[in-house]
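2 protein chains.
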Amino acid sequence: MDDRASWAELAAQLRVDSIRSSSAAGSGHPTSSMSAADLMAVLVAKYLHYDFDEPQDPRNDHLIFSKGHASPLLYAIYKAAGAISDDEMLTFRKAGSRIEGHPTPVLPWVDVATGSLGQGLPIAVGVALAGKRLDQLPYRIWCLCGDSEMAEGSVWEAFESAAFHGLNNLTAIVDVNRLGQTGETMHGWDLALFAARARAFGWHAIEIDGHDLAAIDRAYAEAAGVEDRPTVILAKTEKGHGVAAVANRNGFHGKPLADPEAAIAELGGIRHLSVAVAKPTGPAEPHRFPATGELHLPEYEVGSKEATRKAYGDALVALGAARGDVVALDGEVGNSTYSEEFAAAYPERFIQCYIAEQQMVAVAIGLQVRGWRPYAATFAAFLSRAYDFVRMGAVSRADIVLTGSHAGVSIGEDGPSQMALEDIASMRAVYGSTVLYPSDANQAAALVAKVLHQHGIVFMRTTREKLPVIYPSTEPFDIGGSRVVRQTDADQVTLVGAGITLHESIVAADLLKADGISARVIDCFSVKPIDADTLRAAGAETAGIITVEDHWPEGGLGDAVLEVFAADANRPRIVKLAVRHMPGSATPAEQLALAGIDAAHIAAAARDLVQESRS
Amino acid sequence: MDDRASWAELAAQLRVDSIRSSSAAGSGHPTSSMSAADLMAVLVAKYLHYDFDEPQDPRNDHLIFSKGHASPLLYAIYKAAGAISDDEMLTFRKAGSRIEGHPTPVLPWVDVATGSLGQGLPIAVGVALAGKRLDQLPYRIWCLCGDSEMAEGSVWEAFESAAFHGLNNLTAIVDVNRLGQTGETMHGWDLALFAARARAFGWHAIEIDGHDLAAIDRAYAEAAGVEDRPTVILAKTEKGHGVAAVANRNGFHGKPLADPEAAIAELGGIRHLSVAVAKPTGPAEPHRFPATGELHLPEYEVGSKEATRKAYGDALVALGAARGDVVALDGEVGNSTYSEEFAAAYPERFIQCYIAEQQMVAVAIGLQVRGWRPYAATFAAFLSRAYDFVRMGAVSRADIVLTGSHAGVSIGEDGPSQMALEDIASMRAVYGSTVLYPSDANQAAALVAKVLHQHGIVFMRTTREKLPVIYPSTEPFDIGGSRVVRQTDADQVTLVGAGITLHESIVAADLLKADGISARVIDCFSVKPIDADTLRAAGAETAGIITVEDHWPEGGLGDAVLEVFAADANRPRIVKLAVRHMPGSATPAEQLALAGIDAAHIAAAARDLVQESRS
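As given, the protein sequences belong to chains A and B, one line each in that order.
The first sequence: position 522 = 522 (the numbering used here), numbered continuously.
The second sequence: position 85 = 85 (the numbering used here), numbered continuously.
No wet-lab data here; the hints were simulated from the structure.
Check before you lean on any hint, since a few could be wrong.
The list treats identical chains as one, so a pair stands whether inside a single copy or across any two.
[Unchecked claim] Within a straight-line C-alpha distance of at most 25 Å, the following computed DMTMM-like cross-link-like pairs (lysine to aspartate or glutamate) qualify:
| id | residue 1 | residue 2 |
| --- | --- | --- |
| 1 | LYS255 | GLU184 |
| 2 | LYS94 | GLU465 |
| 3 | LYS46 | ASP228 |
| 4 | LYS46 | ASP217 |
| 5 | LYS305 | GLU612 |
| 6 | LYS132 | GLU184 |
| 7 | LYS305 | GLU261 |
As the structure is a prediction and not an experimental result, all values here were calculated from the model.
Next comes chain A alone, as it looks inside the complex (with noise of 0.2 Å):
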């Protein structure tokens, strides 16, 4: 046959690049490149729909390689499709260029950046998701995945949630090739326990020898057939398949081959093929939902009280009635989040992730490739779960919203495991990220709408208990902003609050009042980025700050405001007053009491404080 002999072609020349690619970096994943390099030719010679010119074409399909330590594979392809040069493919691993050791977004074609396994599958749901109930539009997923990261939970909760929403425009090619980083892996090519389980949980299932070009070639027409559910194609490999020095034998992950050019000659030597990947046919464009274009956020009483978590379900609501892109995603606890307001209000747009936080995230990271705008809400302390799709979020350049609901000791009686002490810290940590803490639903709601157009991961904080009102709803607020919220011409101290802990901070500000002590009190609801000029104006004109957090000593609101001064010529006195012990169940006053992070605490440390400047 014509198509399978310039299939093999293909196939070799995949393999001699990797080889090639490798060897040229001195490091890289070869032998995990060339189990798969079959799979793949077939793909893109036959199947796959992309236009390499115009990669946001919003009709191509989505190639995603879960297994991203494949990426020589990946870009031999990109060679082969004549978007990447020969001499560009060889600056692999090289300092500046493009084609790095794992696939990022650098590269226009790739969606998302792979290398912590497990991964690329549920982003691949969140891309089929938004073909399919979003954007409306016949574009395929295809997802590489390894036999190792089978083991990964994560692809687990993938292949639910795929089957749950009925993906069919979801391939998943498993590359069997048996053999992981040591060794083998636990079930090594066992390909009927793989299709049993992707079966219990609502896949087609196909199993097939993954050399063998024909059964590949029928596997794929197989699954675009398949019309209500996703289908996972379990591909029987070898690792390192075509040079015997290295197929099918342990001790070869991750290293480039030791004897290149035999490798190469015995895989019949250089090829350079071109593949003419076939273009996205059609006029279709992407579903828009109405939307009314004009903002209309919550309004909330000054005096009144309400909680941070209700307004971000409000404003969600409104950003959602201006703007067709918007979509919620929730862990299924939208009562508590109050992302259950958009769903009544936008179930189209609504999509529920159950009690599976790392697939949530995964989901709001797949959207946005597609250009939608993710805003995902669970209990704070949950989104710790999906912490490292989080952070591979950030080399994604993703751009999504998420809600950590629920935070602090303040959420009370039940008790530590739901409580978030950390996730200031975690998130602040992530590269680019955006952290926010609204103070009262006024700003909360400014806040949900102005991260609208921010890049990079926004973790917006927010609180289970209502809290005053304080800010008028006109009033506008910036990230990176902050607002003083008491001052004087003689303030003697500064107290920094954020969320529930300004809220104290006012309190204690009228009780150092009553001792003739002014207090400047200011409202960091922009954690990060942080108002450095605001904090500096009060370094230098009181003796010094006290800052107040409902979370861990490390890595919070406190250590924001001391990066600040860390190398100004003005350096003032930081007290941080955060959560120091291991909290138990108390109400909310009892549990801020506790932790010494009450008004009460506040009010003696600031007398503390000033009394000691004054000595």
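Knowing the structure of chain A, use the given hints to seat chain B on it.
Coordinates of chain B only, in the frame set by chain A:
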């Protein structure tokens, strides 16, 4: 039947007490407790072997509530078993009470904290592994799961792991009450679907009516008879069963009953039955592995080069020789972390966790429940996958050692997906954690031994690159210590590094010396706790401090140093050098230079600081 009548009475009491405690608290999850009351009544009356007077008896079974929000049911069991009084049970969720909102080990019968769904079962697998492979005792592990948490990938990691290890001592009981927090789960009462999945994952599965006491009895008996695999009992139940106002109705999750008196009356009123939980019998003692009792750590020659990750592997073997309670775990990267050395030396005490980091940390937590001393390793970047487990491990008061290798841009070509530039920040923000970042091989080896007795979560960051050995193998190192590696009487500036940046700092000090600038260099290998005294002396004696870290700027070494001085009278100028751009691929040396944390950049920053201090 007598038994069934008494079980029914006990189950009614468990329901009544769940209602009473949550009503007394004004919060909690009575309906989630009531669904599983029959399941638990039969278990504790007939199958559980547990001496509540001797919770440390190694022969005891283990009862773990993976659905931790069903804590009212657990506490009702403790009351029925005579472990707590009715009065104490009614202190549920009150300040100072050990009857917390979700179970924690402040109660001696609670092995681990739960309340973050999908964690109890993975940890139960760890306890079962301890029973089977280490203790070699016949105790059983009973784990009550919710159906909502079956959506968590971590649960399927646990299914995979338990089957792989043939853990017939583990029985999971899934309370399929159909209703989650906000509505029906993905699969409602489709027991057959869950059973098919469980079987595909290698478990024995039994489907029952979870309110049929005879069926429950038969299911436990059947589970106990399965010899080669774990068993899951899938029980169809009604949330709120027994009280018509709430039974099988949505909208009553996590709320006390509106009319508790009527509900209690409907259930036959308050009872104070005692259940005689069977005590474990027989003379069994936990297995002990042979050990020398004498520790001979590896020794590295000063002036040679070695990677701290290699020292970790070497030292762990030495520790394994000395101590029979040391167990090593790895996430299938043992040839990178060097756990493979322990695996070769003590295969019976090595647990291969494959690419399933959540399960790895869960196993570690499970092993320490039984007093084993787990050391678990993978790439530091991939520990982020298990961050929620680490966070909850602190709530569990778990004593575990986690080692993350390949941290920082200095890994070189692999790129940002593998770099873990947030590991120190996230691990510092874990309650009671210890964070170590050794700088040479002898120090790393010493610290591996030192942390054997450290409580809480210990995180050790190791480096991929070989680093100069600068300390003699005889030198002792303490947690909370540091080393001044360059010092004169006239130091003008202080450089603080750890791990690879210490060595860059040393080279920088040499560069500065050539310019006539004397730099003190401090090795801050103990990032948490940090050696405040040594830093304070340096702050007082030099013009300022440069901190250098192969990590994002937030929450790492620099912030740990800043915190020391925050409220001090003397607050030196501190310049933080850290990674401030998203890296790509490059050689380790190029990466350090691109990030501005190599010797040349450190020296330049130091010159600026000295210059500024003069002006």
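Evaluation of the provided hints:
1. LYS255 - GLU184: Within. Shortest intra-copy distance 17 Å satisfies the 25 Å Cα cut-off; inter-copy 49 Å does not.
2. LYS94 - GLU465: Between copies only: 18 Å across chains, 52 Å inside a chain, cut-off 25 Å.
3. LYS46 - ASP228: within (23 Å within a copy, 46 Å between copies)
4. LYS46 - ASP217: Within. Shortest intra-copy distance 8 Å satisfies the 25 Å Cα cut-off; inter-copy 57 Å does not.
5. LYS305 - GLU612: neither (37 Å within a copy, 50 Å between copies)
6. LYS132 - GLU184: between (37 Å within a copy, 23 Å between copies)
7. LYS305 - GLU261: Cα proximity of LYS305 and GLU261: none, with 73 Å in one copy and 33 Å across.
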